[in-house]
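Please put together the full structure from these sequences, using the hints given.
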Amino acid sequence: MTGPAIEIENLSKEYPLGFLHLKKRTSLEGLNMQVETGEVFGFIGPNGAGKSTTIKLLMRLIFPTAGSARILGKPISDVEMHREIGYLPEQPYFYDYLTAAEVLDYFARFHDLTAADRKDRVQRMLKKVGLETARKIQLRKYSKGMLQRVGLAQAILHDPKVVILDEPMSGLDPVGRREVRDIILELKKEGKTVMFSTHILSDAEMLCDRVGVIVGGKLRGVGAPGTLVDMKTQGMEILFELAGTSNVPLLSKAERTGDRYRLQVAEEELYAAIEQLRSAGARIHSVSQVKATLEEFFMNLVEADRAQASAVEVSGK
Amino acid sequence: MRRAGVVALNTFREAVRDRVLYNLVFFALLMMAAAVAVGQISIGIEETVIVSLGLSAISVIGLLISIFIGVALVSKEMDKRTLYALLAKPVRRWEFVLGKFGGLVLTLAVNTAAMALGLLLVMLYVKHSLERGDTAVLVAVYFIWLKLALVVALALMFSCFTTPLLAILFTVGLYIVGLYVQELRNLPVEVMSPAMAAFTKWLSYLLPNFENFNVMAMAAHQRAVPRALILQNTLYTVIYCAIVLTAAAAVFSKRNLK
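Chains A and B, in that order, are what the protein sequence lines are. If you read the first sequence in the working numbering, its first letter stands for residue 1, the second for the next number, and so on. If you read the second sequence in the working numbering, its first letter stands for residue 1, the second for the next number, and so on.
It is possible that part of the hints are untrue.
25 Å max Cα-Cα, derived DSS-like pairs, lysine-lysine [to be verified]:
| id | chain 1 | residue 1 | chain 2 | residue 2 |
| --- | --- | --- | --- | --- |
| 1 | B | Lys-76 | A | Lys-141 |
| 2 | A | Lys-127 | A | Lys-144 |
| 3 | A | Lys-127 | A | Lys-189 |
| 4 | B | Lys-201 | A | Lys-24 |
| 5 | B | Lys-76 | B | Lys-254 |
| 6 | B | Lys-258 | A | Lys-23 |
| 7 | A | Lys-218 | B | Lys-258 |
| 8 | B | Lys-258 | B | Lys-76 |
| 9 | A | Lys-188 | A | Lys-127 |
| 10 | B | Lys-80 | B | Lys-201 |
| 11 | A | Lys-136 | A | Lys-161 |
| 12 | A | Lys-144 | B | Lys-254 |
| 13 | A | Lys-24 | B | Lys-258 |
| 14 | B | Lys-127 | B | Lys-258 |
| 15 | B | Lys-254 | A | Lys-23 |
| 16 | A | Lys-128 | A | Lys-141 |
| 17 | B | Lys-127 | A | Lys-74 |
| 18 | B | Lys-80 | A | Lys-144 |
| 19 | A | Lys-189 | A | Lys-161 |
| 20 | A | Lys-141 | B | Lys-254 |
| 21 | A | Lys-144 | B | Lys-258 |
| 22 | A | Lys-23 | A | Lys-218 |
| 23 | A | Lys-188 | A | Lys-74 |
| 24 | A | Lys-127 | A | Lys-74 |
| 25 | B | Lys-80 | A | Lys-136 |
| 26 | A | Lys-144 | A | Lys-128 |
One-sided excerpt, in silico: chain A residues whose CB lies under 10 Å from chain B [what the hints assert, rightly or not]:
| id | residue |
| --- | --- |
| 27 | Glu-9 |
| 28 | Asn-10 |
| 29 | Met-81 |
| 30 | Pro-89 |
| 31 | Ala-134 |
| 32 | Arg-178 |
Covered stretches of chain B (chain A as the covering partner; in silico rule of three or more C-beta atoms under 8 Å from a C-beta of chain A) [as the list claims (entries may be wrong)]:
| id | stretch |
| --- | --- |
| 33 | 12-20 |
| 34 | 85-92 |
| 35 | 213-222 |
Think of the hints as simulated: they come from the structure by calculation, not from any bench. These figures come from a predicted structure and were not determined experimentally. Note that CB positions come from ideal geometry on N, CA and C, so glycine has one too.
Encoded structure:
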């Protein structure tokens, strides 16, 4: 049985404020979390929630005020552990005097690969992220999206067991986003553990086995996207077309978009509503369940956090 | 150590691609102008003028590179966040610091060697031959390179805990103070209080002594530089750089990146 790939215990980060450092800003508060081996874990939250702080703490780019973390069973202070980890920083920036092939070769040299192996891997990675034709162009001429692809390539170049990506979809066009999604799914197929932070909830819903929602430096929920939100059906939605005006009482409750109407009714009222629409000559296109989405769950948490923050501010005054 | 070497070679490549070695063109033009002018304005002391001017130019150009690029070695990587992806690799922070130092010292070695070659060519042009005594010029160039390595270590250390501007000011300040360490040691301690005398003595040994690296007068007059001084300066630079770089690595290892 394999243990968790990433274990985070009571991890906190405070930043001193002011010239004398008398005040402190808490960026992350007592984070406890695990990412299981082989899963795709999404770390979602609004800007400034603590997602990048957590990832930087895991990468030892910053140091925790309290708490600890382990990756693949080793403490994060163990530098050799980085042989098994791939990391994509948020808005990555690389040596702009190097070409994509040179920058990948440079990073590969830290992994004790032979020259032939390095060359082979660099070529494969450039192909994988769609930069094969731009391999000899200096990075100073790259677009933001192209740099993101270089970042992704350097993160997976050494075939790591755990891949940590900070906002991997940021700056990418729809095609690029699709390609990154495919790469993440491919990594999952290969049995890698992937943890990524994102603002884009649809990506998290689509890709993740589990998500962690972080707001205001605190973890507010962890679980499969479906179990985090209330799975109970909130009602039924009927999509229909109705020629001309009709005397259907339900019509006043429906929303009209072009020729089509969208009507939401309680589950127990569904058949009565369909009957009523049929007798009025409506053409029913679809009937679907209405469930809370991850986005609604997320927005509720963010709004609750903002309300709490303003309450603290008012009481502080 | 191998990983520090990888960082060093990349730092050297950065310097080359950022056209740091273009200063050699300026040096070449200066030396050509000097070679032409010296024959007309200084009868009999052409060699002295050429050697003094050449060594001064090597020193000043090297100092500018050491201070400004030395300070930017770490701070630029932090500002541009190029460090993030690198430190996520199996690289210790001290290996990064050592690699950056090694890369710039290597750049300075190539740069200083190229300027030294230029100086020798101009000497050959002016004197029509080189003599055994001229090897003092090479020793003087070696001492300049040692001095520059020490300046790079100091600039790098300051940049690990303060802003680039302050790091430049501290490095320049320490360099100027370091030129007068001997004067500090020669202060009349008998008129001072014992505590002040002890402090002055302690300070004069703590501060980097840049005065010992200046053998320009010996080189200009073809006087041999004592072997003991060559050994002493080499050991002094190695030990002082090791101490300063250890301090830099210790500070940088605890530093939170942005």
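Each hint tested on the structure:
| no. | hint | in the structure |
| --- | --- | --- |
| 1 | B:Lys-76 / A:Lys-141 | 19 Å, holds |
| 2 | A:Lys-127 / A:Lys-144 | 18 Å, holds |
| 3 | A:Lys-127 / A:Lys-189 | 19 Å, holds |
| 4 | B:Lys-201 / A:Lys-24 | 42 Å, violated |
| 5 | B:Lys-76 / B:Lys-254 | 18 Å, holds |
| 6 | B:Lys-258 / A:Lys-23 | 18 Å, holds |
| 7 | A:Lys-218 / B:Lys-258 | 21 Å, holds |
| 8 | B:Lys-258 / B:Lys-76 | 12 Å, holds |
| 9 | A:Lys-188 / A:Lys-127 | 19 Å, holds |
| 10 | B:Lys-80 / B:Lys-201 | 42 Å, violated |
| 11 | A:Lys-136 / A:Lys-161 | 29 Å, violated |
| 12 | A:Lys-144 / B:Lys-254 | 31 Å, violated |
| 13 | A:Lys-24 / B:Lys-258 | 16 Å, holds |
| 14 | B:Lys-127 / B:Lys-258 | 57 Å, violated |
| 15 | B:Lys-254 / A:Lys-23 | 21 Å, holds |
| 16 | A:Lys-128 / A:Lys-141 | 20 Å, holds |
| 17 | B:Lys-127 / A:Lys-74 | 68 Å, violated |
| 18 | B:Lys-80 / A:Lys-144 | 14 Å, holds |
| 19 | A:Lys-189 / A:Lys-161 | 12 Å, holds |
| 20 | A:Lys-141 / B:Lys-254 | 34 Å, violated |
| 21 | A:Lys-144 / B:Lys-258 | 20 Å, holds |
| 22 | A:Lys-23 / A:Lys-218 | 20 Å, holds |
| 23 | A:Lys-188 / A:Lys-74 | 22 Å, holds |
| 24 | A:Lys-127 / A:Lys-74 | 33 Å, violated |
| 25 | B:Lys-80 / A:Lys-136 | 22 Å, holds |
| 26 | A:Lys-144 / A:Lys-128 | 18 Å, holds |
| 27 | Glu-9 | 20 Å, violated |
| 28 | Asn-10 | 19 Å, violated |
| 29 | Met-81 | 8 Å, holds |
| 30 | Pro-89 | 4 Å, holds |
| 31 | Ala-134 | 18 Å, violated |
| 32 | Arg-178 | 24 Å, violated |
| 33 | 12-20 | holds (count 4) |
| 34 | 85-92 | holds (count 8) |
| 35 | 213-222 | violated (count 0) |
When each numbered hint is compared with the structure, violations occur for hints 4, 10, 11, 12, 14, 17, 20, 24, 27, 28, 31, 32 and 35.
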